[in-house]
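One-letter residues, chain by chain:
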Amino acid sequence: MTSSKVNPAVQSVVRELLAELHKKAGCEKVGLSRDSFAAILSEVGSKHGATTENEARTFILSLRVDELALARACAAGDNSAWEIFLTRYREKLYLAALRIAREDSAARELADTLYADLYGTNTREGQRVSKLASYTGRGSLEGWLRTVLAQEYVNRYRRTKRLVSLEEESEEGVQFRAPEPEPAAVADNRLSQATDEALAELPSEDRMVLSAYYLDGRTLAEIARMLGVHESTISRKLDKMAKSLRKQIMAGLARRGMSRRQAEEALEADVRDVQVDIRRSLAQESSRSAFSEKRVEARVPEGEG
Amino acid sequence: MQNLPKIVSERLRGAVIKEHPDADVLTAFSERSLPAQERNSVMDHLSRCADCREIVALALPESQVTEVRPHRGSGNWLTWPALRWGFVAAGIIAIASLGVMEYKRQTLQSTAVNKSPIEEGVAKQTENRPEADPAASANGKGETTSPTALTLSDSAKTSAKTTKKEFGRPSQFTVMSAPSRDDKAGIRGSIGGPLSGRQLSHGPKPPTQWQLNNSANSYSNNEAFSQSQPVAPAPPPSSSGASAGSEIRGQAAPAAVGAKSADEEKKSEVVDALSRPPALKVQSTTNRNESEVARAKPAEAAAAPQAGPTELDQATSAYEVSSGALSNFSKSATLTPQSTRWAISAAGTLQRSVDQGKSWQDVNVYGPEAQAGANLELAMRTSRGKAVAKDKSDTKQREAPIVFRAVAANGPDVWAGGSNGFLFHSLDAGLHWVRVEPTWSGVLLSGDVISLQFADAQRGRILTSSNEIWTTADGGQTWQKQ
Chain A
1 MTSSKVNPAV QSVVRELLAE LHKKAGCEKV GLSRDSFAAI LSEVGSKHGA TTENEARTFI
61 LSLRVDELAL ARACAAGDNS AWEIFLTRYR EKLYLAALRI AREDSAAREL ADTLYADLYG
121 TNTREGQRVS KLASYTGRGS LEGWLRTVLA QEYVNRYRRT KRLVSLEEES EEGVQFRAPE
181 PEPAAVADNR LSQATDEALA ELPSEDRMVL SAYYLDGRTL AEIARMLGVH ESTISRKLDK
241 MAKSLRKQIM AGLARRGMSR RQAEEALEAD VRDVQVDIRR SLAQESSRSA FSEKRVEARV
301 PEGEG
Chain B
1 MQNLPKIVSE RLRGAVIKEH PDADVLTAFS ERSLPAQERN SVMDHLSRCA DCREIVALAL
61 PESQVTEVRP HRGSGNWLTW PALRWGFVAA GIIAIASLGV MEYKRQTLQS TAVNKSPIEE
121 GVAKQTENRP EADPAASANG KGETTSPTAL TLSDSAKTSA KTTKKEFGRP SQFTVMSAPS
181 RDDKAGIRGS IGGPLSGRQL SHGPKPPTQW QLNNSANSYS NNEAFSQSQP VAPAPPPSSS
241 GASAGSEIRG QAAPAAVGAK SADEEKKSEV VDALSRPPAL KVQSTTNRNE SEVARAKPAE
301 AAAAPQAGPT ELDQATSAYE VSSGALSNFS KSATLTPQST RWAISAAGTL QRSVDQGKSW
361 QDVNVYGPEA QAGANLELAM RTSRGKAVAK DKSDTKQREA PIVFRAVAAN GPDVWAGGSN
421 GFLFHSLDAG LHWVRVEPTW SGVLLSGDVI SLQFADAQRG RILTSSNEIW TTADGGQTWQ
481 KQ
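Protein chains in written order, with my numbering: chain A, 1 to 305; chain B, 1 to 482.
Just so you know, the hints here were simulated from the structure itself, not pulled from any lab data. Quick caveat, the model's predicted, so the values are computed rather than measured. There's no promise every hint is true.
Heads up, simulated DSS-like pairs for lysine-lysine below, C-alpha to C-alpha not over 25 Å straight-line [to be verified]:
no., chain 1, residue 1, chain 2, residue 2
1, A, K23, A, K47
2, A, K247, A, K237
3, B, K481, A, K24
4, A, K24, B, K358
5, A, K92, B, K358
6, A, K29, A, K92
7, A, K24, A, K47
8, B, K358, A, K29
Looking from chain B toward chain A, a few residues come up when the C-beta cut is under 10 Å (computed) [claimed, not checked]:
no., residue
9, R32
10, P35
11, L60
12, A346
13, Q458
Here are the in silico distance ranges between beta carbons for each label pair [as the list claims (entries may be wrong)]:
no., chain 1, residue 1, chain 2, residue 2, range
14, B, D456, A, S134, 26 to 36 Å
15, B, W80, A, T52, 53 to 63 Å
16, B, A455, A, N155, 41 to 51 Å
17, A, S235, B, A96, 45 to 55 Å
18, A, K23, B, Q480, 38 to 48 Å
19, A, R261, B, S345, 47 to 57 Å
20, B, V100, A, L98, 48 to 58 Å
Even glycine gets a Cβ: it sits at the ideal position worked out from N, Cα and C.
Isolated chain A, as found in the complex:
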């Protein structure tokens, strides 16, 4: 488990905090010895890449050591740990899968797949490798499980999308599917340059909000929860950004030698399509998810057969 390049700063911090954390994490309950716990901590710490002792200390202290200990004990195959894990998370896992897949049999399959991964059906060098071994305690174990489920779901969707045959596509109402977004037919690349420039100036959070709203078609409430802020904050932010972006792009175009009228025209030409475009991207999103459900469903017999 110990990686070859263990950070000295991390190790000294681990040594310093080990007794306290070992007790706090309840390692005895899940049958995790002090040494193996120390190994886990230094592995996690080194992976994070903290360089100074102070950084390492902050990092190690921010870990959820109890859940980390539980997860790693499960990964190591400790029975009592598994019992605790199952009583605590089995129900939640299925519920989360149901929320993600939105359909019972698909949810069941999703959760079962994850269980297999968690238990470690894949073997490497004769040892079963549990997915729980990759949990590092940075977030809650429950949240991690949800994220892993979502990852699995997204990956599967991406895989299955490629498997859709033409025949099936026509069966499943491909006419509702928006065409792939055509490459921007921008004759004048000054516009795209100005846009890129304006976008690059935005803080990453703003860009993320924009993308989530306009590209992914997320609702304000969803975005707000993703970022842990209030819905109205997102709404205000979007309003403000739509205005300021327009101004910025205009300014950028002016710098590139466009007259005000030309710039307006270049922008306006697109604005007419914006409504359609947004609706389309929304429609795309929903048809896509409807699609993926069917795909997963269709895969069930495959997987079992």
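Got chain A; can you put chain B on it based on the hints?
Just chain B, lined up with the frame of chain A:
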């Protein structure tokens, strides 16, 4: 807000990214436990990677939008629609009971005549010339009220049990106290009797038109009356209490004044009792008719001053009973703190379990009073009173919901921290909370509290999203920043 140039969406799409943050980091991101710098880099990735955005969105915990607010009122039925129906129901009951009383008057009058000659005289007087009745005229009430009042006082005299049966209302205590005073007061009975009886008949009842009109009158008259008559101080609180209770518009101030005019000995207690109705109201979860309880409680509290000096003990006990039943939080005071478990829900609500984690309830760090105050505000719409003003400021404070990130407990000593440097400390297992704002050489703790560790009640350590470590060695009195 759709007014976004198409080109922007186009350019937002960007290129496909190969490297993704792992599940751990994404989880920590959505739980907001990443240090600011790392959060930014993840945010940057998310702004460009649709897949990861989808993962984060899909992995969101169960929607708890309504539960995020930590101060869910426990009295949902205290909303206006519910109250309106309550009024309708109460009105029907009032009319019905008036009819019943009218009928009983016929039968009771004869027994009253046999019972006491003094009362008989008054009764006769009233029947002949209602305006001449001192009580009736003093209170500015119409003819219809005084006969009813008389019969009621009679019934109160004959036996407390009968009265109980007749009313079956939470104001039994008031009823019971009335006869004993009458017995003691002797001659006063003829005046005090009708008075208190009349108060009884109206105390727990819903407002009828004339009562609303008269309540102010009767109150001022009673006060004037109290100057000359030693009996009179009793009624005013009751009448104003009744109107405060039934009218809902909350005449809290008159009630308080009325209480002042009552016996000096109990003044503080009475004021206390009167200032408590919010709590009483909200927390009363007895199986009585909802709206009735809501009104009857303040009336009950007001009944305390009504009892004369001789009933001091009883009055106190009445107050104690009502305050004892008022709060589920007072129940939890008896719990052993060791059995309490603490957790943070996925949505960032502070939760407490007293049954080894079988069930969890949300904890409001601003305390039950604030909660009750908010409901009082809603129900009474009154701007009077210091308590309400204080609650208002609390409400303002609570408008920004705190998203908790960490909690640490050592027996009854509990610390909870969350977004925007919010840090709360409770010494009594979550009964009362104090906001703590750690400072060190003039610097305030900033960022989100992402981890809390307390080795014991004295020594603790806080980690913030701005990568700071704060420690205390004296239970949060002073702090050091590393």
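Exercise for review: Return the numbers of the hints above that this structure violates; sort them in rising order.
Suggested key: Numbers 13 and 18, in rising order.
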